[in-house]
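Taken in order, these protein sequences are the chains called A and B. Using our numbering, the first residue of the first sequence is number 1, and each one after it goes up by one. Using our numbering, the first residue of the second sequence is number 1, and each one after it goes up by one.
Any given hint could be a false lead.
Just so you know, same-sequence chains aren't split out, so a pair can sit in one copy or run between any two.
[Stated by the list, open to error] Computed list of lysine to any residue pairs in SDA-like fashion (alpha-carbon distance at most 20 Å, straight line): (1) K360 x A277; (2) K419 x G135; (3) K399 x W368; (4) K396 x A339; (5) K407 x Y134.
FYI, nobody ran anything at the bench for these hints, they're computed from the structure.
2 protein chains.
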Amino acid sequence: MTQLIKARAGIITPEMVAAAKKEAISPEQVRQGLAAGTLVVPANINHSALEPCVIGTGTRTKVNANIGTSTDFPDQEAELEKLRQVVAAGADAVMDLSTGPSITATRRRILVASPLPVGTVPIYQAIADANARYGAMVQVTADDLFAVIEEHAADGIDFITVHCGVTRQVVDVLRKRRRVTDIVSRGGAFLTGWMLHHDCENPLYERYDQLLEIALKYDVTLSLGDGLRPGCLADATDGPQIQELLILGELVERAWARGVQVMVEGPGHVPLHQIRANVELQKSICKGAPFYVLGPLVTDVAPGYDQITSAIGGALAAWAGADFLCYVTPAEHLGLPDAQDVREGIIASRIAAHAADIAKGLAGALDWDLKMAKARKAMDWDAQINLAIDPGHAAKLRKEKNPDHRKECSMCGEFCAMKVVSEALGTDRECC
Amino acid sequence: MTQLIKARAGIITPEMVAAAKKEAISPEQVRQGLAAGTLVVPANINHSALEPCVIGTGTRTKVNANIGTSTDFPDQEAELEKLRQVVAAGADAVMDLSTGPSITATRRRILVASPLPVGTVPIYQAIADANARYGAMVQVTADDLFAVIEEHAADGIDFITVHCGVTRQVVDVLRKRRRVTDIVSRGGAFLTGWMLHHDCENPLYERYDQLLEIALKYDVTLSLGDGLRPGCLADATDGPQIQELLILGELVERAWARGVQVMVEGPGHVPLHQIRANVELQKSICKGAPFYVLGPLVTDVAPGYDQITSAIGGALAAWAGADFLCYVTPAEHLGLPDAQDVREGIIASRIAAHAADIAKGLAGALDWDLKMAKARKAMDWDAQINLAIDPGHAAKLRKEKNPDHRKECSMCGEFCAMKVVSEALGTDRECC
């Protein structure tokens with residue numbers, strides 16, 4: 001029985017209780033949201049290290065970090081070090097997107113070590129294996145792909161990205177409606193290439209019922225991938241993207257009918273003024289299923305700073321109702337992120353998520369800011385550092401920039417506004 | 001004659017022509033906007049190194065960077081190096097906020113070296129001088145302050161922040177309506193302390209006509225400071241802030257009546273959901289005068305990352321109509337920024353400004369992104385690097401993260417979606 005089926009049966013599970021503890025809502029509210037499909041608790045029955053969290057409407061906006069080897073950077077130890085960074089930096093979930101050698105071993109080590117829900121994109125492994133086995137990615141079979149999915153599920157993976165909505169119909173729309181960057185989702189691209197080569201339908205769509213049975217057996221949360229997500233602003237919110245979303249809306253309802261937890265992935269590269277429409281459209285078409293967005297990046301021109309372009313878009317998206325932000329690191333569009341990139345990506349996404357939670361009026365969100373404001377007014381540096389979203393980084397900068405160990409910061413020094421006005425108004429004694 | 005007076009007389013000046021060249025509008029449109037007060041061209045008659053730019057509705061969102069010595073970091077050479085960074089990183093204006101020793105010499109060296117409009121906050125020098133001369137900041141006289149303002153104007157400063165709206169009435173509102181962080185503007189704080197100590201009105205308000213005469217003589221653009229800008233989310237959009245804005249609205253009209261160019265400064269720390277209201281309120285109360293915002297920072301909890309909190313807020317503010325973004329660096333709330341902080345702050349603000357220009361539909365803004373998208377599709381790395389908002393940084397990361405000199409990036413390597421789908425769809429030959 002999945003968390004969804006138990007929720008519908010009125011059962012409050014230990015996973016719901018654990019997830020509710022991290023929120024300002026009760027286990028019963030988690031149960032109700034799960035039953036309604038507006039919340040998911042990704043919690044594979046075989047992921048024993050998991051400390052569950054809940055994703056969706058009315059809960060804190062969550063942040064995912066992607067890690068994983070590539071053929072150029074195959075070192076498993078480096079990825080386990082990144083996992084430690086991911087946990088330390090306060091991410092809520094992690095995806096292992098390994099495509100280097102030893103994908104299975106890497107995934108299993110990450111699962112053992114991760115208290116966070118772990119996601120994967122099984123098609124990456126199916127294709128890498130096919131490359132090794134048959135000498136060509138395109139020779140992968142549908143059965144190969146389903147075997148990999150079952151293996152990931154049995155290993156304990158909590159959520160999987162499956163690009164079920166990249167159907168022949170969607171590819172036809174893509175061919176008719178020209179795009180600047182076509183397809184930038186790896187899963188979407190492989191499936192498109194595979195379908196065209198073999199002249200057949202997407203097996204993840206055609207055999208969706210089989211996928212649901214695997215998800216049901218292990219309580220894997222399906223994350224319906226957006227294979228047609230725009231790869232640049234010029235392609236945003238276009239026919240192919242929305243055509244796929246319409247199909248994902250149908251697949252959400254089929255997952256719910258089978259008792260399978262499901263969320264929906266979204267763009268990508270989207271200009272500021274289209275972000276709210278994208279979120280509201282997903283929420284309407286997909287009947288309130290949680291929305292998991294990559295970015296969105298609000299401009300294409302800032303490689304090296306895409307943690308910032310996506311923090312801008314992520315804040316707007318989450319404020320509009322997106323529930324789960326996939327981080328983007330400074331390495332995006334340039335190469336595989338290292339541990340420092342991972343950290344910067346997570347903090348940027350957490351800033352976006354928190355800013356949105358305040359804007360949405362999430363209970364308790366503003367309390368953190370109020371504590372920081374009072375610490376600033378009191379010039380209480382220990383409290384300011386402890387309350388910082390990244391205390392180690394704040395402490396390091398404070399130390400570097402305060403050679404004289406002043407109580408004020410070195411920007412204003414003795415000309416500190418806080419100090420001057422507290423003395424003038426006599427408010428130095430009343431704050432905090 | 002100021003640019004405003006000339007514009008009203010139907011004269012298109014060389015400064016208007018030079019400023020229009022950097023925009024998608026004509027010199028005549030610059031003239032019309034100047035005459036209407038919705039545009040300013042800060043261009044002191046004595047700033048000979050200036051290459052003028054235009055700020056306001058219908059033009060590219062501009063970015064300002066603050067530099068300047070402090071008592072802890074008095075080195076002039078370091079500030080001149082920062083100025084070079086400011087120009088190289090693509091800022092549109094620079095403010096010299098020096099409070100260290102030799103303020104006059106620092107300012108004059110910056111003016112000689114800066115092709116960008118240079119702004120100052122003269123009260124900083126008035127207070128620093130008073131501290132040296134009388135042994136107490138509060139002993140500064142109104143005449144001292146006006147003498148410093150005249151000196152800055154005569155030196156060639158293009159725009160000055162003057163906190164004319166911090167009146168006794170506003171301070172009374174502040175005392176009645178409690179705030180968490182009272183006043184965080186240094187100018188606002190000093191003036192409040194001074195007014196309370198001497199039990200008198202703000203001289204910048206009381207003697208505003210005298211200020212206008214100085215501005216008129218040298219064509220200094222007044223930047224009406226927001227001394228009551230919120231220093232934390234909890235204080236945002238409150239009674240004292242809006243009370244001051246109402247006064248600034250009156251002062252804008254008095255500046256226009258005298259033929260003086262004027263813009264208005266705004267917050268500060270503002271939650272996402274209040275940003276649009278803040279901008280629309282300023283535009284209405286101040287009759288379309290350009291709006292120059294600091295941030296806004298959308299959360300208080302991210303010291304060390306305030307270039308990101310302010311990029312989020314700045315993008316929203318500029319999209320809503322703010323015209324000029326004052327950068328915030330990673331050092332904000334911790335200490336004086338160094339040259340690297342300055343660079344990061346400028347790039348973050350430029351990202352916000354550009355994202356907003358796209359959202360506003362500014363002519364030509366999206367072209368840059370389209371070129372980048374085509375370069376990505378073509379895997380043309382030279383073009384991607386050249387088009388990047390910070391080419392040097394993008395080139396450095398690409399080099400570090402691409403040990404095998406692949407055509408693809410090292411995140412996907414051979415599993416590159418761009419490559420796979422171009423081959424499958426046969427679009428590799430049609431792009432760009």
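Quick rundown of the hints versus the structure:
1. K360 x A277: both (16 Å within a copy, 16 Å between copies)
2. K419 x G135: Intra 70 Å, inter 17 Å, cutoff 20 Å: inter-copy only.
3. K399 x W368: Classified as neither; 23 Å inside a copy, 40 Å across copies.
4. K396 x A339: both (18 Å within a copy, 17 Å between copies)
5. K407 x Y134: neither (66 Å within a copy, 24 Å between copies)
Comparing the model with each numbered hint stated earlier shows that hints 3 and 5 do not hold.
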